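> Below, each chain spelled out in residue letters.
Protein chains: 4
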Amino acid sequence: MKVLIHKEKREVVDGREFIVAKAKQYFVTDLSKDVHTLYGTISQQDLSKPSGSVIKSDNGKEFFLLDASFIDIYKRFRKLPQTIPLKDIGLIIGETGINPQSIVVDGGLGSGALAAALAHIAKHVFSYEVRDDCIQTSEANIKMIGLTNITVKKKSLYDGIDETGVDLITLDLPEPWKVIPHCAKALKTGGFIVSYSPSVPQVMDFVNEVHKHEELLYLKTVEIIERLWEIEGRRVRPKSTGIGHSGFIVFARKIKS
Amino acid sequence: MKVLIHKEKREVVDGREFIVAKAKQYFVTDLSKDVHTLYGTISQQDLSKPSGSVIKSDNGKEFFLLDASFIDIYKRFRKLPQTIPLKDIGLIIGETGINPQSIVVDGGLGSGALAAALAHIAKHVFSYEVRDDCIQTSEANIKMIGLTNITVKKKSLYDGIDETGVDLITLDLPEPWKVIPHCAKALKTGGFIVSYSPSVPQVMDFVNEVHKHEELLYLKTVEIIERLWEIEGRRVRPKSTGIGHSGFIVFARKIKS
Amino acid sequence: MKVLIHKEKREVVDGREFIVAKAKQYFVTDLSKDVHTLYGTISQQDLSKPSGSVIKSDNGKEFFLLDASFIDIYKRFRKLPQTIPLKDIGLIIGETGINPQSIVVDGGLGSGALAAALAHIAKHVFSYEVRDDCIQTSEANIKMIGLTNITVKKKSLYDGIDETGVDLITLDLPEPWKVIPHCAKALKTGGFIVSYSPSVPQVMDFVNEVHKHEELLYLKTVEIIERLWEIEGRRVRPKSTGIGHSGFIVFARKIKS
Amino acid sequence: MKVLIHKEKREVVDGREFIVAKAKQYFVTDLSKDVHTLYGTISQQDLSKPSGSVIKSDNGKEFFLLDASFIDIYKRFRKLPQTIPLKDIGLIIGETGINPQSIVVDGGLGSGALAAALAHIAKHVFSYEVRDDCIQTSEANIKMIGLTNITVKKKSLYDGIDETGVDLITLDLPEPWKVIPHCAKALKTGGFIVSYSPSVPQVMDFVNEVHKHEELLYLKTVEIIERLWEIEGRRVRPKSTGIGHSGFIVFARKIKS
Numbered sequence: 119m120k121v122l123i124h125k126e127k128r129e130v131v132d133g134r135e136f137i138v139a140k141a142k143q144y145f146v147t148d149l150s151k152d153v154h155t156l157y158g159t160i161s162q163q164d165l166s167k168p169s170g171s172v173i174k175s176d177n178g179k180e181f182f183l184l185d186a187s188f189i190d191i192y193k194r195f196r197k198l199p200q201t202i203p204l205k206d207i208g209l210i211i212g213e214t215g216i217n218p219q220s221i222v223v224d225g226g227l228g229s230g231a232l233a234a235a236l237a238h239i240a241k242h243v244f245s246y247e248v249r250d251d252c253i254q255t256s257e258a259n260i261k262m263i264g265l266t267n268i269t270v271k272k273k274s275l276y277d278g279i280d281e282t283g284v285d286l287i288t289l290d291l292p293e294p295w296k297v298i299p300h301c302a303k304a305l306k307t308g309g310f311i312v313s314y315s316p317s318v319p320q321v322m323d324f325v326n327e328v329h330k331h332e333e334l335l336y337l338k339t340v341e342i343i344e345r346l347w348e349i350e351g352r353r354v355r356p357k358s359t360g361i362g363h364s365g366f367i368v369f370a371r372k373i374k375s
Numbered sequence: 119m120k121v122l123i124h125k126e127k128r129e130v131v132d133g134r135e136f137i138v139a140k141a142k143q144y145f146v147t148d149l150s151k152d153v154h155t156l157y158g159t160i161s162q163q164d165l166s167k168p169s170g171s172v173i174k175s176d177n178g179k180e181f182f183l184l185d186a187s188f189i190d191i192y193k194r195f196r197k198l199p200q201t202i203p204l205k206d207i208g209l210i211i212g213e214t215g216i217n218p219q220s221i222v223v224d225g226g227l228g229s230g231a232l233a234a235a236l237a238h239i240a241k242h243v244f245s246y247e248v249r250d251d252c253i254q255t256s257e258a259n260i261k262m263i264g265l266t267n268i269t270v271k272k273k274s275l276y277d278g279i280d281e282t283g284v285d286l287i288t289l290d291l292p293e294p295w296k297v298i299p300h301c302a303k304a305l306k307t308g309g310f311i312v313s314y315s316p317s318v319p320q321v322m323d324f325v326n327e328v329h330k331h332e333e334l335l336y337l338k339t340v341e342i343i344e345r346l347w348e349i350e351g352r353r354v355r356p357k358s359t360g361i362g363h364s365g366f367i368v369f370a371r372k373i374k375s
Numbered sequence: 119m120k121v122l123i124h125k126e127k128r129e130v131v132d133g134r135e136f137i138v139a140k141a142k143q144y145f146v147t148d149l150s151k152d153v154h155t156l157y158g159t160i161s162q163q164d165l166s167k168p169s170g171s172v173i174k175s176d177n178g179k180e181f182f183l184l185d186a187s188f189i190d191i192y193k194r195f196r197k198l199p200q201t202i203p204l205k206d207i208g209l210i211i212g213e214t215g216i217n218p219q220s221i222v223v224d225g226g227l228g229s230g231a232l233a234a235a236l237a238h239i240a241k242h243v244f245s246y247e248v249r250d251d252c253i254q255t256s257e258a259n260i261k262m263i264g265l266t267n268i269t270v271k272k273k274s275l276y277d278g279i280d281e282t283g284v285d286l287i288t289l290d291l292p293e294p295w296k297v298i299p300h301c302a303k304a305l306k307t308g309g310f311i312v313s314y315s316p317s318v319p320q321v322m323d324f325v326n327e328v329h330k331h332e333e334l335l336y337l338k339t340v341e342i343i344e345r346l347w348e349i350e351g352r353r354v355r356p357k358s359t360g361i362g363h364s365g366f367i368v369f370a371r372k373i374k375s
Numbered sequence: 119m120k121v122l123i124h125k126e127k128r129e130v131v132d133g134r135e136f137i138v139a140k141a142k143q144y145f146v147t148d149l150s151k152d153v154h155t156l157y158g159t160i161s162q163q164d165l166s167k168p169s170g171s172v173i174k175s176d177n178g179k180e181f182f183l184l185d186a187s188f189i190d191i192y193k194r195f196r197k198l199p200q201t202i203p204l205k206d207i208g209l210i211i212g213e214t215g216i217n218p219q220s221i222v223v224d225g226g227l228g229s230g231a232l233a234a235a236l237a238h239i240a241k242h243v244f245s246y247e248v249r250d251d252c253i254q255t256s257e258a259n260i261k262m263i264g265l266t267n268i269t270v271k272k273k274s275l276y277d278g279i280d281e282t283g284v285d286l287i288t289l290d291l292p293e294p295w296k297v298i299p300h301c302a303k304a305l306k307t308g309g310f311i312v313s314y315s316p317s318v319p320q321v322m323d324f325v326n327e328v329h330k331h332e333e334l335l336y337l338k339t340v341e342i343i344e345r346l347w348e349i350e351g352r353r354v355r356p357k358s359t360g361i362g363h364s365g366f367i368v369f370a371r372k373i374k375s
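Residue numbers (our numbering), protein chains in the order written: chain A, 119 to 375; chain B, 119 to 375; chain C, 119 to 375; chain D, 119 to 375.
Hints were generated in silico from the structure; no laboratory data involved. What you are looking at is a predicted structure, and each value in this text was computed from that prediction instead of being measured. Hints are supplied without guarantee of correctness; some may be wrong.
Said to hold, decoys possible - The calculated label-pair distances, taken between Cβ atoms and stated as ranges, are:
(1) C:174 <-> D:296: 29 to 39 Å
(2) D:352 <-> B:194: 32 to 42 Å
(3) C:353 <-> A:273: 49 to 59 Å
(4) C:358 <-> B:126: 27 to 37 Å
(5) D:282 <-> C:163: 26 to 36 Å
(6) D:219 <-> C:163: 22 to 32 Å
(7) D:139 <-> A:241: 53 to 63 Å
(8) D:219 <-> C:272: 45 to 55 Å
(9) B:197 <-> C:272: 52 to 62 Å
Said to hold, decoys possible - Computed far set for chain B versus chain D, every beta-carbon distance over 12 Å:
(10) 143
(11) 162
(12) 242
(13) 348
Every residue, glycine too, gets a C-beta built ideally from N, C-alpha and C.
All chains should be modelled from the sequences, with the hints used to inform the complete structure.
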């Protein structure tokens, strides 16, 4: 897979700067065909040039050709509503310290975005999902990105967890408090539960339930707000397109074997 | 290394709940000595019990004993002022997609916190630092956490980067715009520069300089605000201890070989 | 002027709740004509009923009839881009303590929104504006809301301020630092300058200039983020429609006569 | 009452700037005595000079002398925990459009800060409070600031509201949902209820209760985050002292007489 990048072009007319061509990126999955872009057609032959080449469309516009990396493909995932964004995934990775030795259970596969981001770092991810549409979407995403260490299980986490000695369990479920006993059994001592919920009452019920388990330690509940900034000459300000809410992230830990 | 966890204890008196013992964690590096805590002394023999054991202090208080994991040790790092926090490290990991194959150059080692968090996931991290105090602090931190894939170089990134084919360069420097040409040479095509600066003028100068390099693509500037929540019965609210500013995170990418 | 309010209607079907009619508000300026709504026509006779009446459209839908208050009319103002929002106006009122005795100079009238909000509380507002379109828009807005204590001057604040003994000067100008000497002369001792700018470099230049004036005291620079919450059964969360950036608010004060 | 302001003094030594004297403000209530400050003693005679005078302490340090205005005195109020801050008071004033004709009922007087800020603009404020310590604190505050249009009632709002035709009722109560029927009776048509609560469950219960009253329209729930910025040469960044949470602000309106 390749990425074609057309940079923004500006021109100064009468002392004022104008954008004469907008930035554009094209993600190319089929390398056997010409690519038609807003700025002309890229020939199929040019697509086989090495990553980092500058190629031209049939009307002379410059494009940068890049081999698609993990993050390029990840950003083209077909997303379902309420897919957990990278700002939140990053915090989960950072706060739990998962690494290439980690075993992860992912409750509520969704689009597979979280599973893929974790599998990219961890040893293996076991994903539980009951909805066929989610399984289909996520399997297509996982195949596209080439990950082979995700096991998708058509099972509900509400019914139990097969794995044991797990380092991290991520929950993206409507009623996460119901699976806490399963998590407590599946986790290794020192392992983490991270529950991701859009609404406050879900967080309240989850935290209350964690407190009832002596073998679990409630750590914290966090909300991550991401502000994009515009940095453009003297126009330096938070972007006026806002920062939506994604979800609250609750961290708990197994402290008793 | 071990962690001793004493859970909060509450009691209901006349229908109102009171905290009778506060939560406490002790990080134990020397397992050959008794540990003196606010809730009594833990005997050295008990420290050798398996992770997940419940042990008691000499006055009968319960502690959970845990093997220290990466994140436990990381949180005990000796930090220097303006150490980049996990919320920001997480975003860097998430947005660049680094993984066990990645080569990272870290400009401005500081306390070694960022280097350690990245080395925990990446193949190798090369850290540049000129200040002796930073090198000392960070080498002690790196030794404590047991990472062997960080090379600390007593060199300034302002003078150049030795490595090539680098996947990610992180900059935590007062004048990051001055090293952009070095970064452009060191990065592999598709690789990322991530510059971390506390102040807006640094971001402005850095982004302006990136725009002058045809081989680089400016991606975005982001600020991450982390809100901690209190979830405690009906007391459900953002914590009143506030959210400090850490830094602005600028992402750029090499798109031309 | 009147407001017609149609409340949201919900129905429970098979145990799940559905919105069967969305909430709607109609602002009626011409009371001599029938009003055509999404939920039927309201007859002109019904519009003369007292505030707080429940009236019905020709197809039987209920509406609440309200006399338009200041805030209803204010919210119907024709707004120009970057009209300062109520969250920021509120802070200005709160932090400067203006009241029915205050004299205000408003530099950069825009749509008249800030002038109207201040004039609603203060004794008199003198608004400076050079752009004809702004003057037209704002005069229409001021007339609609019935304020008689705003004097609109077709003059640039960059050329000076006619008034003296002023309690508050609000600046919504591209280069606010250029009018600081005029402000220092116009203000009474203890009076406030509040400068509102969307971008950081404007704030930097303004604050630097304030520091050069011995008779002025720089107080603070503030940014107000407003988060709307959804409170709907168990769906309790920050709204996913985000929080845009409006502007930075800089406060300074005259401390020497 | 007077304010004494000592400006920050800086000196450049070897090309680097140092703060040689920190900014300080002194609030003077007793004008018949000398004032002892960190930078020397101000003689009692000098205190009678006109507002805006520059006076000197006995060791030659410069002070600016200012007549205390409303906002100066307000900021010296003895505050009780969880006093509603100006950022939130400002929004209430802005969104409800209160003005010199408005009648306000204030449920839960606390320190009197909200009552004073509203009375400064409105015609009259009726404050309900049962706690003697609050009444004492707030009466001292109100006296100091010289407001005569606040009536403090030693009564609980839970027991009813004496006034009718009220424009705005502010609630700062632990269980605000219990007084909604009283509010609905006391408000004039078009009047506002604004409830201020630190915790989410209070907001949930309040909003649910509002929905049960046909004569009330729920408007919105808002949270205001205030970020202070440091603007100091090239040090331009959000302050690292954070932004605490104050409360959620719920707006509702009476729409049926």
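> Against this structure, judge whether each hint is valid.
Evaluation of the provided hints:
1. Against the hinted window of 29 to 39 Å, the Cβ-Cβ separation of residue 174 (chain C) and residue 296 (chain D) comes to about 33 Å, which satisfies the hint.
2. The hinted range of 32 to 42 Å is satisfied by residue 352 (chain D) and residue 194 (chain B), whose Cβ atoms lie roughly 34 Å apart.
3. Separated by about 27 Å at the C-beta atoms, residue 353 (chain C) and residue 273 (chain A) break the suggested range of 49 to 59 Å.
4. Range check, residue 358 (chain C) to residue 126 (chain B): Cβ separation about 34 Å, and the 27 to 37 Å hint holds.
5. Evaluation of the 26 to 36 Å hint for residue 282 (chain D) and residue 163 (chain C) yields a pass: the beta carbon distance comes to about 29 Å.
6. For residue 219 (chain D) and residue 163 (chain C), the hinted distance range of 22 to 32 Å is satisfied, since their beta carbons lie about 30 Å from each other.
7. Range check, residue 139 (chain D) to residue 241 (chain A): about 60 Å between beta-carbon atoms, so the 53 to 63 Å window is met.
8. Between residue 219 (chain D) and residue 272 (chain C) the beta carbons are some 31 Å apart, a value that contradicts the proposed interval 45 to 55 Å.
9. Remark: the range hint 52 to 62 Å for residue 197 (chain B) to residue 272 (chain C) is upheld by a beta-carbon distance near 58 Å.
10. Interface exclusion of residue 143 (chain B) from chain D stands, the closest Cβ pair being 23 Å apart, more than 12 Å.
11. Every beta carbon of chain D lies more than 12 Å from that of residue 162 (chain B), the smallest distance being close to 41 Å; the non-interface claim holds.
12. Listed as a non-interface residue, residue 242 (chain B) keeps its Cβ farther than 12 Å from every Cβ of chain D; the least gap is roughly 33 Å.
13. With a least CB separation of 9 Å from chain D, residue 348 (chain B) falls inside the 12 Å interface cut-off, contrary to its annotation.
Hints 3, 8, 13 from the earlier list are contradicted by this structure; the remaining hints agree with it.
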